[in-house]
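*Asks:* Protein chains in written order, with the numbering used here: chain A, 1 to 112; chain B, 1 to 114.
Hints are not guaranteed to be accurate.
Stated by the list, open to error - To give an idea of the chain A side of the interface with chain B (calculated C-beta under 8 Å), a few residues: (1) Pro40; (2) Phe46; (3) Gly60; (4) Phe62; (5) Pro82; (6) Ser85; (7) Phe89; (8) Lys99; (9) Leu100.
Keep in mind the hints are simulated off the structure, nothing from the lab.
Ideal Cβ placement from N, Cα and C applies to all residues, glycine included.
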Amino acid sequence: DQQVKQNSPSLSVQEGRISILNCDYTNSMFDYFLWYKKYPAEGPTFLISISSIKDKNEDGRFTVFLNKSAKHLSLHIVPSQPGDSAVYFCAAFGGSNYKLTFGKGTLLTVNP
Amino acid sequence: ETGVTQSPTHLIKTRGQQVTLRCSSQSGHNTVSWYQQALGQGPQFIFQYYREEENGRGNFPPRFSGLQFPNYSSELNVNALELDDSALYLCASSLEQGSNYGYTFGSGTRLTVV
Numbered sequence: 001d002q003q004v005k006q007n008s009p010s011l012s013v014q015e016g017r018i019s020i021l022n023c024d025y026t027n028s029m030f031d032y033f034l035w036y037k038k039y040p041a042e043g044p045t046f047l048i049s050i051s052s053i054k055d056k057n058e059d060g061r062f063t064v065f066l067n068k069s070a071k072h073l074s075l076h077i078v079p080s081q082p083g084d085s086a087v088y089f090c091a092a093f094g095g096s097n098y099k100l101t102f103g104k105g106t107l108l109t110v111n112p
Numbered sequence: 001e002t003g004v005t006q007s008p009t010h011l012i013k014t015r016g017q018q019v020t021l022r023c024s025s026q027s028g029h030n031t032v033s034w035y036q037q038a039l040g041q042g043p044q045f046i047f048q049y050y051r052e053e054e055n056g057r058g059n060f061p062p063r064f065s066g067l068q069f070p071n072y073s074s075e076l077n078v079n080a081l082e083l084d085d086s087a088l089y090l091c092a093s094s095l096e097q098g099s100n101y102g103y104t105f106g107s108g109t110r111l112t113v114v
């Protein structure tokens, strides 16, 4: 069973516009959520995270929103830049288990 | 500070063979995790080592085994390779277990089993 779901395999946006990447989870034990960005031939790079005690965390152009009741989080990138084009993974962990559970990823393409 | 380095970057093995993948964790990090990323999927947790002890394992058979050394570098060993073991293997290190700052990943080893 897939405990972290990214239902959009791909997303295409224009440079300067907002990119919104979505993620849903099913495991109520998850209490920490992370977003990773991955370029081809590189490992995932940590982008931003959020604890379940918060509903928003912001870092520059990147903001993550968490809706615990809906078990949903989203990553907003404003403004989007061509260099943001990559695969974005949502990941979560919680309880006594420190393993990261990843979604399948969303390929973001930002067009100039 | 150096990041996480993995070797080799690419590898081709024959079904039934054994393989060892290596990982040097980021300086100061004592926790290493291994993940398998199949094509089109997100990384799947294999196991984690904390101060040389395995302290968590995902849904992988015993032919996947590992080691962590006193300098916190790590190895992933896979015996009796199967075609489905073809994947990108990622190593990640962190300062402690469940670091809230996220794990630092290496670039991975691309394993192809033929």
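*Asks:* Now tell me, hint by hint, if it's right for this structure.
*Replies:* A quick look at each hint next to the structure:
1. Pro40: 10 Å, violated
2. Phe46: 4 Å, holds
3. Gly60: 16 Å, violated
4. Phe62: Result: violated, 13 Å to nearest chain B Cβ.
5. Pro82: At about 22 Å, which exceeds the 8 Å cut-off, the nearest Cβ of chain B leaves the hint on proline 82 of chain A violated.
6. Ser85: 18 Å, violated
7. Phe89: 6 Å, holds
8. Lys99: 4 Å, holds
9. Leu100: With a minimum Cβ separation of about 6 Å from chain B (threshold 8 Å), the hint on leucine 100 of chain A holds.
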